[in-house]
Amino acid sequence: MGNLLSAPLTVEPDTITAGDTVRIRRDDLSSLYPQGEGYALVYHFQRTGGAIDAVDATWDAEGWLITVAASGWEPGPRSWSAVVTHGSYGRRTIASGSLTVLPDPTVVDASFDPRSHARKVLDAIEAVIERRASKTHEETTLSDGRQVKSIPHAELMRLRGHYAALVAAEQRQSDQRRGLRRGLRRGGGTLKARF
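Residue numbers (full-length UniProt numbering): 1 to 195.
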């Protein structure tokens, strides 16, 4: 992994942490929409029901560079679009997508828990099964509204498998976003090669 501050991304990220600065280089657009021929590139980021943050791309020796300063952004989902404009040809949306703004870890309060719902429920189920549950574990609520403390042991065992699979899927998705292959990262798995 390169220097995350100086080396720009080459694709739009799935997540941005509020307060971070993210740089995206779009060299693939440089030959199609060169600034020297009157083109401009703007990224728009919009929170559902909120204002649009417009970020003008800059042109340097290598092409288009977008610098997103997410200071003051509220956590949650946002949509984004990349728009090219030209004085003679008008405007065209050339790419769009969505991302999630994560909470700024430097300003969250003591009650902040970064774990997903699936991870919280799995941890609570395992604590109850192992008879080491705190009141917080016992009062954890499943998506169907039931609290862990009111679920019979046999059903907790079944639910543990279900939530463990959800957590594993979340981890695989996170690893894929970061370009990791789980088996190779942890030293497990099999690497096959043909010579």
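Don't read these hints as lab results, they were simulated from the structure. Everything numeric in this text was worked out from a predicted model, so none of it was measured. Keep in mind that a hint or two might mislead.
[To be verified] Straight line, CA to CA, 20 Å or less: simulated EDC-like cross-link-like pairs of lysine to aspartate or glutamate:
1. Lys-149 x Glu-139
2. Lys-149 x Asp-109
3. Lys-120 x Asp-109
Verification of the hints:
no.	hint	verdict
1	Lys-149 x Glu-139	6 Å, holds
2	Lys-149 x Asp-109	27 Å, violated
3	Lys-120 x Asp-109	18 Å, holds
The structure fails hint 2 only (numbered hints given earlier).
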